[in-house]
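Chains as they are written, first to last, in the working numbering: chain S, 173 to 533; chain B, 173 to 533; chain G, 173 to 533; chain V, 173 to 533.
Calculated directly from the structure, the hints in this document are not laboratory data. Cβ coordinates follow ideal geometry from the N, Cα and C atoms, glycine included. Fair warning: there could be bad hints in the mix.
[To be verified] Output of the computed footprint for chain V on chain G, the stretches with three or more beta carbons under 8 angstroms from beta carbons of chain V:
(1) 446-455
(2) 459-472
[Claimed, not checked] Straight-line C-alpha distance at most 30 angstroms; calculated DSS-like pairs for lysine-lysine:
(3) V:K251 to V:K486
(4) G:K486 to S:K521
(5) B:K495 to V:K495
(6) V:K521 to B:K486
(7) V:K521 to B:K495
(8) V:K486 to V:K177
(9) S:K251 to S:K486
(10) V:K521 to V:K495
(11) B:K251 to B:K486
(12) G:K495 to S:K521
(13) V:K177 to B:K495
(14) G:K495 to G:K521
(15) G:K177 to G:K486
(16) G:K177 to S:K521
(17) B:K521 to B:K495
(18) G:K486 to S:K495
4 protein chains.
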Amino acid sequence: MGQTKRIGILTSGGDCAGLNAAIRAVTHRAIGTYGWEVIGISRATLGLLSRPPEAIPLTLANTYPLLTAGGTILGTTNKGNPFAFPSAEGEFSDRSDEIIQGYHQLGLDAMIGVGGDGSLAILRRLAQQGNLNLVAIPKTIDNDLGSTERSIGFDTAVNIATEALDRLHFTAASHSRVMILEVMGRDAGHIALNAGIAGGADIILIPEIGYTIDGVCQAISQIQAQGRNFAVVVVAEAVCDEGGCQVTQTHAQGQSRLGGIGQYLADAIAQQSQAETRVTVLGHVQRGGIPSPLDRVLATAFGVTAVDLIAEGKYDHMVTWQKRQVVSVPIEDAIAQYRAVDPQDTLVKTALGMGIYLGEQ
Amino acid sequence: MGQTKRIGILTSGGDCAGLNAAIRAVTHRAIGTYGWEVIGISRATLGLLSRPPEAIPLTLANTYPLLTAGGTILGTTNKGNPFAFPSAEGEFSDRSDEIIQGYHQLGLDAMIGVGGDGSLAILRRLAQQGNLNLVAIPKTIDNDLGSTERSIGFDTAVNIATEALDRLHFTAASHSRVMILEVMGRDAGHIALNAGIAGGADIILIPEIGYTIDGVCQAISQIQAQGRNFAVVVVAEAVCDEGGCQVTQTHAQGQSRLGGIGQYLADAIAQQSQAETRVTVLGHVQRGGIPSPLDRVLATAFGVTAVDLIAEGKYDHMVTWQKRQVVSVPIEDAIAQYRAVDPQDTLVKTALGMGIYLGEQ
Amino acid sequence: MGQTKRIGILTSGGDCAGLNAAIRAVTHRAIGTYGWEVIGISRATLGLLSRPPEAIPLTLANTYPLLTAGGTILGTTNKGNPFAFPSAEGEFSDRSDEIIQGYHQLGLDAMIGVGGDGSLAILRRLAQQGNLNLVAIPKTIDNDLGSTERSIGFDTAVNIATEALDRLHFTAASHSRVMILEVMGRDAGHIALNAGIAGGADIILIPEIGYTIDGVCQAISQIQAQGRNFAVVVVAEAVCDEGGCQVTQTHAQGQSRLGGIGQYLADAIAQQSQAETRVTVLGHVQRGGIPSPLDRVLATAFGVTAVDLIAEGKYDHMVTWQKRQVVSVPIEDAIAQYRAVDPQDTLVKTALGMGIYLGEQ
Amino acid sequence: MGQTKRIGILTSGGDCAGLNAAIRAVTHRAIGTYGWEVIGISRATLGLLSRPPEAIPLTLANTYPLLTAGGTILGTTNKGNPFAFPSAEGEFSDRSDEIIQGYHQLGLDAMIGVGGDGSLAILRRLAQQGNLNLVAIPKTIDNDLGSTERSIGFDTAVNIATEALDRLHFTAASHSRVMILEVMGRDAGHIALNAGIAGGADIILIPEIGYTIDGVCQAISQIQAQGRNFAVVVVAEAVCDEGGCQVTQTHAQGQSRLGGIGQYLADAIAQQSQAETRVTVLGHVQRGGIPSPLDRVLATAFGVTAVDLIAEGKYDHMVTWQKRQVVSVPIEDAIAQYRAVDPQDTLVKTALGMGIYLGEQ
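The following block holds chain S by itself, in its conformation from the complex (with noise of 0.2 angstroms):
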């Protein structure tokens, strides 16, 4: 099986669930079939910038209770570009080096960087200017990876979604109200999308797709004229108000603020429509749950594969999945092709073919 390896892994960008049981696959795979040393490296490049850089070892016991488990145990941050690194001073500077002699430090043969489309980008110039052999695995809930037909946190992101719409049915119908979600998405529609016809919403306004407070209240009102006296909304949180994106995002930028476009949703219809309206801001529980069987065997898929990418020498590729099955692409490929909803997709003609309110098309 050649020579022994020792290979790092990092966690990169949003936690979303499936993440702690990619690595358990990676350890499997590197150690169990192949005899190499695997070293977990913690929160995404910010353990490659301590001395000595901060990473442990990982084993098949201290990984075999990760199938189940949310989020990541090396930790991972969203912040920290290496590239225009944030002093304490708030001024920015190059500390790519560091990271990649943190890489050498550490001895690694070859590193598998999880992360969504943000992340692979910098990971693989750190590559590039470090001459590093990385291999990718795609994780975003967003799902908006275009090469690769799922990636990991998405299935259990949509599983969550879809609950909270289950459970405010039965308190909008309870109480006439409009009810309205909203969920993450910071670019791309498709966790709305999906969660939004599993869960039988009535409107759905996803950031690729205009829409107006007319015509949402239009098919608020058509839905009383039916007899039906509530109606449940769903929003991703990209979705600008009337006016463009005035409305402060309610995730963005590393801050925690509530009443974005939710809320300003919930305002509007109440003030034209006379409804009662609530809102509901899912957050942050949509990327923590337990991961879905579909998110666990897409990660494990994805985590065997990317070390076999490792030990064929296949670098600067990253595991993706269609047609059922797992097959590589080159990372500039994967990261080059960006899929938000587009108009034109099955799910889009679904969501209309049932009479749901998508905007104006």
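Once you have looked at the hints, place chains B, G and V on chain S.
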């Protein structure tokens, strides 16, 4: 089995899980055992104000599927006190006589009211004024009725809040954050206390016990000193800021406001402790779940016995759960025994025994 | 939107989660978009055999609550092949013409059949014989239809089986036992393979790959040698005992037999390895859950597109899920492409990569 | 806070959900509040038989993750009565003195035993013989300890059984079947009764109340006469066949036998009523779940108070839950108060009030 009767049932106040199970049980017992008629009154007392009164016949068939359904098919409201009923012009008038008339127009021999202390006080006043035959079933997610160990809806609400805490733990740990979860609890802290213990919270703030931001931040520092990089805080919506209740309550008075005490804490902790904080306001999902088995058993036992009380002519009584049995008590006594969290409660001691910060005792 | 039509829908074969969501979607699309009539046919083709045919009108109102309901309100059966229909005397006759008559008596312009490969083959034969306009939607918890990546019911079944594994892990570890879980899978091992990976099984036995009790016991010994005192085994009900299929299958042919392959394994392992074993036969709970969000999305997308196929006159086609899109394929091709677990499948490699015993390859 | 102590904790008897939460609470209270040492004893009293005794130090760190983990990290057994300990040759000898020695070799000042009535009786006999300082915490999914309203593990077991019933309803209705669910309950029918009411069963059979197959089939006929085409039956594993307990019990005495009373009923009903029947034996999944919030709260409150009892020197007592408070009672009394289902219980009346067949009263 005595004379045939026609009985009514209404649900009043905020909705919760288990109301439909109670409606189903009342219907089964009344029709199946006694051969009576059952009338479901719409939207609490509002259905009795309409002319003709708004109500539907309940049958074994149309109540069969209700065991697992959240909310109430009858609808409910927490507005519209009949003794001070708001007009469109914003004035208030006493419309209690109309409601009493509505009861008679429906030809009811007795009525079962499902509600919390506020609703039951109003229903009892109506019953006394109009000589109506009233039997009560307690429901409140706040579980603040002292005469019954459990009210319908509480167990499910605690389950949902705990599940949110389970999820937040993962993401708190992954990102080294202080996560704050704001749960319901208009006056009493039972949901926060139970979910906080069940969900492994580090800090639980309830309206019954004062706290300081200093105390909260010290508790967080202590956790960090022990080597843990994250903390989880649960706060009841009714908790005030340090200076007294200047903070708008989240769900107060028919408003839909985010950014209440949870946001206040997130900001105050972030400022004083430098910790990264995030807040989640769980909101109406706490009301809307599929009822837990315990809530279904409770609602079914209450519904059956409430009908039996009518059969016995034991009016003006409420069913309660005491030491594994359903026992009836005068509604008057039931309403009088408000139960907030007592600092001597077993669960307060339990939380303190686990090292949870509960405020300044 | 063309001519008004009257279309029928029936569900056939074993029930599963998501059938009702498909019925709801078909009804919404047909009525809401096209203004057609929709007729729900009872108990698969049995409803068309009754005189008058047994069927109910489907409306927006009576299908609204179906999104989250497991099973099928139309009823279904996996008995009663119309070409060899069993009489009370145990003889078989061809009653296909009566079913075709039933279709015409209902005045149908087209019919949507929801079923697995067996049911769809029968429906297609009926359609060809009677010149009926048939469109198909694939459902099977076994997910063995090759032309579609996913069939309705599979994701939910995997979720339920995985949840059982999660639970069995705790009790296996507490009691130092080998726990065996027998899951459904009449011919194909997809449920066992997916749930086994997702649920961290140590041994997965599927009908596509032979095994030996020796191999199983060696795998258990290896686990013990590594210091773990328990093991978890998943086995598909269609797996045979070592000597070939002498073991009565658990759910075969309308019987209700416990003590199939799961029990055989428990006894054989206990005898050979001295391990304490326990077996759980998950059975029909795998069919009956609330559909997962993914199954709801799939069923809704399939339902909408199936109606569109009728609108286009594209009969004799089945909807499929391929690379994030719904695509139609001739039913003939769909039935021909049976897909068992291929030893080259990504998930077989994944399981092997995790050190799971999968039999003798 | 008095003298430093070293205390032990062991879990005994069948595992259940919440044991780990109790272990965690004991550890937190003993270390966090009193500064004591805590020793976890392996596999009930078997750990005290090993030389050196098999035990691990429990710390805040290694018990932190236990709140949501099912089962017991200490291991447990329901075999190995020390007063009649089986040798490899199948003979029995009294090894109680060795266990008492083991306690002293560990240098314990006191010991907390978590168990049901059988385990606690043995532990008490050991304590009396060896002058050990014993405090008890009640756990049993059967909830048959009369002195406490709730024992650890019961709520979770009821939840899991109810969830299975919810699922079986869908498939029963879809296929017009009589579904039989066999649940645990070695002597008492509390799980069956609670889950049966919560899950809308039509027939509940418990060991405390006799039944006839005639009675069961009449109940099914009545349901059919009312126009419903399916029925759901819950039966406790301890229920006997009509002729007395000739049927092998499913989980009796360390055996793993399927095809007990559930299968007997399925066959008998099918034969007598012509109904199509299916049986599910839920088995060990009932023990193994993530503990419900209620079980976590209960286990935590019990654990904290059990340590307090040691601090007070109040040995030979068991913690109980009575009227919202934890109260201690002498173990002797606790064991003496066995509580089966009483025909006068509220829940028996509730079930009868809902028209559920409960046997011949």
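Legend entry - Hints violated by the structure (numbers, ascending): Hint 13 alone not satisfied by this model.
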